[in-house]
Each structure stands twice: as C-alpha cells, then as structure tokens.
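*Asks:* Numbering (the working numbering), first residue to last: 19 to 392.
Quick caveat, the hints were computed from the structure, so don't treat them as lab data. Given the structure is predicted, the values throughout are model-derived calculations rather than measurements. For glycine and all other residues, C-beta sits at the position ideal for the given N, C-alpha and C. Incorrect hints may appear among the rest.
With beta-carbon atoms standing in for the labels, derived distance ranges [claimed, not checked]:
1. ASP52 / GLY142: 30 to 38 angstroms
2. ASP54 / GLY99: 43 to 51 angstroms
3. ALA202 / ASP54: 29 to 37 angstroms
4. TRP209 / ALA91: 44 to 52 angstroms
5. GLU85 / GLU299: 35 to 43 angstroms
6. GLU271 / GLY251: 26 to 34 angstroms
7. GLN127 / ASN69: 40 to 48 angstroms
8. ARG144 / TRP209: 25 to 33 angstroms
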Amino acid sequence: MEAVRTLSPEERGWAQLLCEHGQAHLFENWAPGDGDEERKCRFFQQVRQLNESYPGGLVAYISNARELLRAAAQGENPLHGVIQVNVPLGVNLDYGSQEYDRYEAIGFQQLPYLSFVLVAGGLGERLGFNGIKLALPIELASMKTFLETYCDSITALQRRSGIPELKIPLAIMTSDDTHARTEALLEKNHWFSLSRDQVFLMKQEKVPALNSNEAHLCTDKLDPYTLLTKPHGHGDVHRLLHTTGIAQRWFHEGRRWVVFFQDTNGLVFRSMLAVLGVSHELNLDLNSMCIPREAKQVFLCQYPTSAWRSHATTLLFCTCHPPSLPRVSGSRRVDKARVSRWSGDHGEHGVQPGSFSVPPHPNSPPRFSGDWHG
C-alpha cells in the first residue's frame, strides 16, 4: 500500500493488523509515500493508545463489536442462555415503617466499612447546561451543586457515625470531557467538606466509534488521520476500580461495601442506609434498588410499529431493538394499587470489592452496594 510504504516497521505492523481486520478503508484518503508523515505518526500513536486501553486490544474490540451488532441486527437477545430471569431475593420497604427503620439502623452500623463510587463522565448538554452535570444546582434556593451535596452527605455520615477518625472514601469516574473540569471544581472549592486524600479520580478512556454493522472504524470528516472516539459506557467503572488498584486498597482497608451512584441522583443518600441494611442482613453479593410505578405509566416515549396493534411504552436507556421490547411491556399489575410488576429502575446496587482484585477474606467477605444505571 503506497500510503504506508515509508512507515516504520512498527507502524506498518499496525497498518497490516488493521487491514487484516477489515479496516483498510482507513488509509484510502491518506497522502501517498512520505506525505503527511507527522500526521501518520500521530495516527498510529492514537491506535497504540486505543489498543492498550481496551482488554484484548483493538482486535478484541472489533470482534466483540461485530458479534454484538450481528446479534442486534438479527434480533437476538445477547443474554439468552446466559442468565435466567426470575424474581430475585429482596425486601419491599415503605419509608417510615418500622421495617424500614430497622434496616436503616442495620445499614448505619456498616458505615465504618463503606465506600462510594460516583459515575460522572457526562456533560449537561441535554439539559441545556454548558458544563459537567456535577456542577448543576440540585435546587435553586441555594444553588448548591450535586457534587457539593454528595460530599456534604458523606461528611454527615462520618460525623453521625461517632468515629472521629472515620473517612469514607469516594472514587469518581470521569471522562475526557469531564476530568479536568471535575478536578477544577473540587480544587476551587477545596474539595468541599471532604479531605483531599479520601477522593480518587479515575478517568475513563474512550473507544473507537463505528460507522457500520461490519464494525468499520471511522475517522474525523476533516482529518483522515484521526480516529473518532466515544465514551465506552458505565461498565468501565468496574475495570477502572481493578486496574487503578482502588478496589484492592479498599479491600485491604477492610471496606465491605461500595455504593455506586450517578452524577444527578440527588436522592440516593435518602435510601442508601436501608439498602445497605438489607444487603447486610441477607448477605447479598449484589443488591439493586427499584421503586414502584403504576402499570402503563409513560417513562420516556412510545415506540410505534406496524407489527404491533398498538403502541408500546418504552424506556430507551441503553441499546434496545424491537424484538426484545414486547417482552418487557409494563402492562401487568400485581395488586389493587395499580402497581406494575415491572419496577422503575432507581439504580441502587450492591456488589463486593474483593471481586475486583483478590479473593474475599474467608472471615470478612466484602460487599458492594450502589446506585447507578448500567
């Protein structure tokens, strides 16, 4: 190929690897020979970085993408045969009830073993806000930001625990779009009410964008030497906890619980202790919190199709394809209160720190509990 003939052996190796996996189109608009040599070197530096940031490298990324796109195009459920959907072990709690108060008290006793993870890789564009969502005001009276509210809530838990030296750690997953601004917001406000040494920032790397069902990587329309990249998704938070060593550190510190929550879930701390109490009493590895909703309640939009006699109300958060939508229809009720059997996803989950790094200690198995969508 004339465009890569003058490249270094390493760069030619990357070019050959890309071509072998269906990416020869990337070089179609390149200058021949040694033209644009500096920009070509920059391209392969980006390729090398993307290869290192994805488990298994770019070959695995392209292969996984093709399989997922194929399954989506054919209407296959990627979880078919992998998991069995059933009603999980759990507890229905009403706020203010004796049972709720009991579980909240149990959760309170777990404060010394608690840690938090905040998934905060997004901007407020869809909300008409030119900045990170953590800088949005949680209410208009004081204009207190979401991030300040979360930090103050953690500080309040520390103070209420009665343990003077208690510091509950907070890890924040950022992205290229939010990392610098999140760090600047923390530093400008002196880390709010938290100590600098109890806050950890983990930057999520991006992955190549695709422009076809064949998983063709795409370049910037104005620059054929730059691959377009996009954030990979919330699931990266678990890999980052492992690769940064944070999970292992928390495990050795005796942390049993990790609470995951989203950047604009201002009510998460209202229910967190009760969720933690349920997780502890039932010895759960993973605990999710949902909220009741009325049957047929509109979530987001209606998905019309001629294949159905009527519209189906659909919550479009992640990738959905029509063959799977009727199977999650929210039209059934379980009691006279008009409550659907399909709960609204509030997002609180519980997991175990040891699963990120090392086997759990036989005498004190760590757990995760959290609040996020993913």
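*Asks:* All hints are to be evaluated individually against the structure, with a verdict given for each.
*Replies:* Hint check results:
| no. | hint | result |
| --- | --- | --- |
| 1 | ASP52 / GLY142: 30 to 38 angstroms | 45 angstroms, violated |
| 2 | ASP54 / GLY99: 43 to 51 angstroms | 48 angstroms, holds |
| 3 | ALA202 / ASP54: 29 to 37 angstroms | 35 angstroms, holds |
| 4 | TRP209 / ALA91: 44 to 52 angstroms | 47 angstroms, holds |
| 5 | GLU85 / GLU299: 35 to 43 angstroms | 40 angstroms, holds |
| 6 | GLU271 / GLY251: 26 to 34 angstroms | 28 angstroms, holds |
| 7 | GLN127 / ASN69: 40 to 48 angstroms | 46 angstroms, holds |
| 8 | ARG144 / TRP209: 25 to 33 angstroms | 28 angstroms, holds |
When held up to the earlier numbered hints, the structure conflicts with hint 1 and nothing else.
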